[in-house]
Amino acid sequence: MHNGNPVDTPMDKSCVLSKELYRKTEEEKKRMTKIPYASAVGSLMYAMMCTRPDLCFAVGMVSRYQSNPGPDHWVAVKRILRYLKGTSDLALCYHGGSLRLVGYSDADRSADRDERKSTSGYAFLL
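The sequence shown begins at 1 in the working numbering and counts up by one.
None of these hints come from the bench; they were simulated from the model. Among these hints, one or two may not hold up.
Cross-link-like lysine-lysine pairs, in silico, BS3-like; alpha carbons within 25 Å at most [unchecked claim]:
no., residue 1, residue 2
1, 34, 19
2, 24, 78
3, 19, 117
4, 78, 29
5, 78, 13
6, 19, 29
7, 24, 34
8, 78, 19
9, 78, 34
10, 34, 85
11, 85, 13
12, 30, 19
13, 78, 30
14, 117, 13
Have a look at the derived ranges for each label pair, beta carbon to beta carbon [unchecked claim]:
no., residue 1, residue 2, range
15, 95, 20, 44 to 50 Å
16, 20, 96, 48 to 54 Å
17, 27, 100, 52 to 58 Å
18, 109, 33, 33 to 39 Å
19, 50, 20, 29 to 35 Å
20, 28, 97, 51 to 57 Å
Cβ atoms here follow ideal geometry from the backbone N, Cα and C, with glycine treated the same way.
Could you build all of it, start to finish, from the sequences and the hints given here?
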């Protein structure tokens, strides 16, 4: 991933992951067994929990497919890694003065193709 081009968002807006994208052919199965998918997702979860809450949605999406990932799932994980590369020099800076808390939320009703569950998210700005 040292040579990957950085991206501005952890997940492409047109990215739709599902169980249907799992490894289907024997060649894909063999190739995917050599890819450290679960290890990469675990590392992303650690980063998400400790210092990178901006990864929550994207990591939550790719973590659903750890038992049987396909090539498209791996592409999504690599995009998150490219996002980390592009944002490694950013930081939060808090300054004195008046603070105003603003919150936003959104929900995606039944967008999970596999389980037909909803996904919701929220952001609070300080």
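Right, here's what the structure says about each hint:
no. : hint                 : in the structure
1   : 34 / 19              : holds, 19 Å
2   : 24 / 78              : holds, 20 Å
3   : 19 / 117             : holds, 14 Å
4   : 78 / 29              : holds, 18 Å
5   : 78 / 13              : holds, 15 Å
6   : 19 / 29              : holds, 14 Å
7   : 24 / 34              : holds, 15 Å
8   : 78 / 19              : holds, 18 Å
9   : 78 / 34              : holds, 15 Å
10  : 34 / 85              : holds, 23 Å
11  : 85 / 13              : holds, 19 Å
12  : 30 / 19              : holds, 18 Å
13  : 78 / 30              : holds, 19 Å
14  : 117 / 13             : holds, 18 Å
15  : 95 / 20: 44 to 50 Å  : holds, 48 Å
16  : 20 / 96: 48 to 54 Å  : holds, 52 Å
17  : 27 / 100: 52 to 58 Å : holds, 55 Å
18  : 109 / 33: 33 to 39 Å : holds, 36 Å
19  : 50 / 20: 29 to 35 Å  : holds, 33 Å
20  : 28 / 97: 51 to 57 Å  : holds, 55 Å
Every hint from the earlier list agrees with this structure, and none is contradicted.
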